[in-house]
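Chemist: Spelled out from the first residue to the last, the chains are:
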Amino acid sequence: MKLFLQITLIVSSVLLVLLVLLHRGRGGGLSSLFGGGMQSSLSGSSVVEKNLDRLTLFVGSIWVISVVGVGLLLKVA
Amino acid sequence: MLSAFRSALATPDLRRKILFTLGIVVVYRLGSTMPAPGVSFKNVRECAAQVESSGIYSLINLFSGGALLQLSVFALTVMPYITASIIVQLLTVVIPRFEQLKKEGQAGQGKLTQYTRYLTIALAVLQSTGVVALAVRGQLFQNCSVPVIPDQSVFSLVVIVITMTAGTALIMWLGELITERGVGNGMSLLIFSGIAARLVPEGGNILRGQGGVVFAVVCVFGLAIIASVVFVEQGQRRIPVQYAKRMIGRRMYGGTSTYLPLKVNQAGVIPVIFASSLLYLPQLVSQLAASPTGEVSEWRRFIDTYLVNQSNWVHISMYFGLIVFFTYFYVAVTFNPDERADEMKKFGGFIPGIRPGRPTSEYLGFVLNRITLPGSIYLGTVAVLPNFFLDMTGGGGAQNFPFGGTAVLIMVGVGLDTVKQIESQLMQRNYEGFLR
Chain S
12 MKLFLQITLI VSSVLLVLLV LLHRGRGGGL SSLFGGGMQS SLSGSSVVEK NLDRLTLFVG
72 SIWVISVVGV GLLLKVA
Chain D
16 MLSAFRSALA TPDLRRKILF TLGIVVVYRL GSTMPAPGVS FKNVRECAAQ VESSGIYSLI
76 NLFSGGALLQ LSVFALTVMP YITASIIVQL LTVVIPRFEQ LKKEGQAGQG KLTQYTRYLT
136 IALAVLQSTG VVALAVRGQL FQNCSVPVIP DQSVFSLVVI VITMTAGTAL IMWLGELITE
196 RGVGNGMSLL IFSGIAARLV PEGGNILRGQ GGVVFAVVCV FGLAIIASVV FVEQGQRRIP
256 VQYAKRMIGR RMYGGTSTYL PLKVNQAGVI PVIFASSLLY LPQLVSQLAA SPTGEVSEWR
316 RFIDTYLVNQ SNWVHISMYF GLIVFFTYFY VAVTFNPDER ADEMKKFGGF IPGIRPGRPT
376 SEYLGFVLNR ITLPGSIYLG TVAVLPNFFL DMTGGGGAQN FPFGGTAVLI MVGVGLDTVK
436 QIESQLMQRN YEGFLR
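As they're listed, the protein sequences go chains S and D. Here the first sequence stands for residues 12 to 88, where the numbers follow our numbering. Here the second sequence stands for residues 16 to 451, where the numbers follow our numbering.
Treat the hints with care, since some could be wrong.
[Claimed, not checked] Residues from chain D shown here face chain S by an in silico Cβ test under 8 Å; the list is partial:
{"#": "1", "residue": "P50"}
{"#": "2", "residue": "P52"}
{"#": "3", "residue": "S55"}
{"#": "4", "residue": "L84"}
{"#": "5", "residue": "R132"}
{"#": "6", "residue": "A137"}
{"#": "7", "residue": "V169"}
{"#": "8", "residue": "L172"}
{"#": "9", "residue": "V174"}
{"#": "10", "residue": "T178"}
{"#": "11", "residue": "A181"}
{"#": "12", "residue": "L185"}
{"#": "13", "residue": "M187"}
{"#": "14", "residue": "F362"}
{"#": "15", "residue": "F365"}
[As the list claims (entries may be wrong)] In silico BS3-like cross-links for lysine-lysine, where the CA-CA straight-line distance does not exceed 27 Å:
{"#": "16", "chain 1": "D", "residue 1": "K278", "chain 2": "D", "residue 2": "K117"}
{"#": "17", "chain 1": "D", "residue 1": "K57", "chain 2": "S", "residue 2": "K13"}
{"#": "18", "chain 1": "D", "residue 1": "K118", "chain 2": "D", "residue 2": "K361"}
{"#": "19", "chain 1": "S", "residue 1": "K86", "chain 2": "D", "residue 2": "K57"}
{"#": "20", "chain 1": "S", "residue 1": "K61", "chain 2": "D", "residue 2": "K126"}
{"#": "21", "chain 1": "S", "residue 1": "K61", "chain 2": "D", "residue 2": "K57"}
[Claimed, not checked] Restraint ranges, calculated between C-beta atoms of paired labels, are given here:
{"#": "22", "chain 1": "D", "residue 1": "P111", "chain 2": "S", "residue 2": "V59", "range": "28 to 36 Å"}
{"#": "23", "chain 1": "D", "residue 1": "R196", "chain 2": "S", "residue 2": "M12", "range": "37 to 45 Å"}
{"#": "24", "chain 1": "S", "residue 1": "M12", "chain 2": "D", "residue 2": "G227", "range": "52 to 60 Å"}
{"#": "25", "chain 1": "D", "residue 1": "R60", "chain 2": "S", "residue 2": "L66", "range": "29 to 37 Å"}
{"#": "26", "chain 1": "D", "residue 1": "P389", "chain 2": "S", "residue 2": "L83", "range": "54 to 62 Å"}
{"#": "27", "chain 1": "S", "residue 1": "V59", "chain 2": "D", "residue 2": "T144", "range": "27 to 35 Å"}
{"#": "28", "chain 1": "S", "residue 1": "L68", "chain 2": "D", "residue 2": "A25", "range": "49 to 57 Å"}
I should point out that these hints are in silico values taken from the structure, not numbers from a laboratory. Small disclaimer: the values here were computed from a predicted structure and weren't measured. We put the beta carbon where it would ideally sit given N, CA and C, even for glycine.
Produce the complete structure using the sequences and hints provided.
Modeler: Take a look at the structure:
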């Protein structure tokens, strides 16, 4: 059971990293960090982004569930 | 003021954005308390309580809001992203291709952001490996007998590293979601929430340890610092710029007079972050070189007394000097007088009394150099302040002290920025906002 959860964790982690990297970065970089710089990004998100959001959310929830699962197993053991 | 808050919440569009931001912050805080798989929650709690009182991980703990010492899935927090953006920012000076991308505008900027994201993941792998290695060798929590990670097989360690990396990626996404659909800059809001979360327990520590009078004094003092920080942050020199009138077809363009704002503190908190990450290095070296037998060599004692000890005058003056240096450095990186002067000339603008072109750029450089001096001294002073009050926080990390130093600089900077953004959103509906 634990091994299964751990493998799920690895797979979902790698998927999560890849999915997040696929998103169009909107960080704005350092200049807009900590004040300064102005932002006026009024463009809406595209269909691709929306589906990517959903997929990321899905993988993210699997990730959270397996993290909690491993944690619980450790607590019981 | 209060009516502005009400109207901000009454605007459906803005209300949704604010609630969305709050929701993401809640998710982030929840994740910060969730222990990574394979980490024994009970043992970590025990060890963290011991280490926290010795206060060595001041800066990192400040950014993480205590997530690192709990070895949570979000243990690395935004640190990799900040480091990555600093590196990319600095590389624009060194690598010609990066500089070209930066000049390209929107598209080039997007590419740079993408590079920053890749670098973030790479750094996250490195840092999580480092953290896990330190934890396994018992160096993350010195003098703590119980094992933090019970199962020390390679496989389970790899699982932790990968999970922390994915956590960092998730944080990055959360931050971008806030930037995109909420209010304010996501990354800095996440840091803000981490610092704010420490505010109450840290204040409680003072109240319990030192009594009510000291607590009241600290509060008044903190408010005074915050007020003065706001005052300086808002300060700017307005250089008048006159645009020539132009006729294009039958329409008249230009002829307006505006100003070029030069902030007193153009660099923000970034110099402080640079300086403290640099000063963190000797501490790290000394820690990694710690011998298991417990004997202290000569050079380690030297580093410990002069560089690691935050109340030593060598440490304080070095910190101050580094901040002043990095302020000038960062302003030079971000604001290029030649470019500005060129741009102005292109669009038919000039500063009254000064010829466009080279004289303008010289004038801008002159004004900028002079206005940055008080800015840098102010930054250094505020950042160094808490080091003088070390005993007040009960020997805890000075930079953790919530009413002075880096914490206040970051909180005020982020707060002002966020309020300004809400304000501009509010302006689209009605004219009265928070700031008058």
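Chemist: Now look at each hint and say whether the structure bears it out.
Modeler: Quick rundown of the hints versus the structure:
1. P50: holds, 6 Å
2. P52: holds, 4 Å
3. S55: With a minimum Cβ separation of about 7 Å from chain S (threshold 8 Å), the hint on S55(D) holds.
4. L84: Not OK, violated: L84(D) not within 8 Å of chain S, min 17 Å.
5. R132: holds, 5 Å
6. A137: violated, 11 Å
7. V169: This hint is violated: V169(D) lies away from chain S, its Cβ roughly 12 Å from the closest one there, beyond 8 Å.
8. L172: Status violated, d = 11 Å.
9. V174: holds, 5 Å
10. T178: Holds - the Cβ of T178(D) comes within 8 Å of chain S, reaching about 6 Å at its closest.
11. A181: holds, 4 Å
12. L185: holds, 6 Å
13. M187: Check passed: Cβ of M187(D) comes within 6 Å of chain S, closer than 8 Å.
14. F362: violated, 18 Å
15. F365: Hint violated; F365(D) Cβ to chain S Cβ min 24 Å, cut 8 Å.
16. K278(D) - K117(D): holds, 22 Å
17. K57(D) - K13(S): holds, 19 Å
18. K118(D) - K361(D): Holds - the C-alpha atoms of K361(D) and K118(D) are around 16 Å apart, at most 27 Å.
19. K86(S) - K57(D): holds, 9 Å
20. K61(S) - K126(D): It holds: about 21 Å lies between the C-alpha atoms, which stays within 27 Å.
21. K61(S) - K57(D): Since the Cα atoms of K61(S) and K57(D) sit roughly 40 Å apart, the hinted pair is violated (cutoff 27 Å).
22. P111(D) - V59(S): 28 to 36 Å: Since the Cβ atoms of P111(D) and V59(S) sit about 32 Å apart, the hinted range of 28 to 36 Å holds.
23. R196(D) - M12(S): 37 to 45 Å: holds, 38 Å
24. M12(S) - G227(D): 52 to 60 Å: holds, 53 Å
25. R60(D) - L66(S): 29 to 37 Å: holds, 35 Å
26. P389(D) - L83(S): 54 to 62 Å: holds, 56 Å
27. V59(S) - T144(D): 27 to 35 Å: holds, 33 Å
28. L68(S) - A25(D): 49 to 57 Å: violated, 30 Å
In this structure, the earlier hints numbered 4, 6, 7, 8, 14, 15, 21 and 28 are contradicted, and the remaining ones agree with it.
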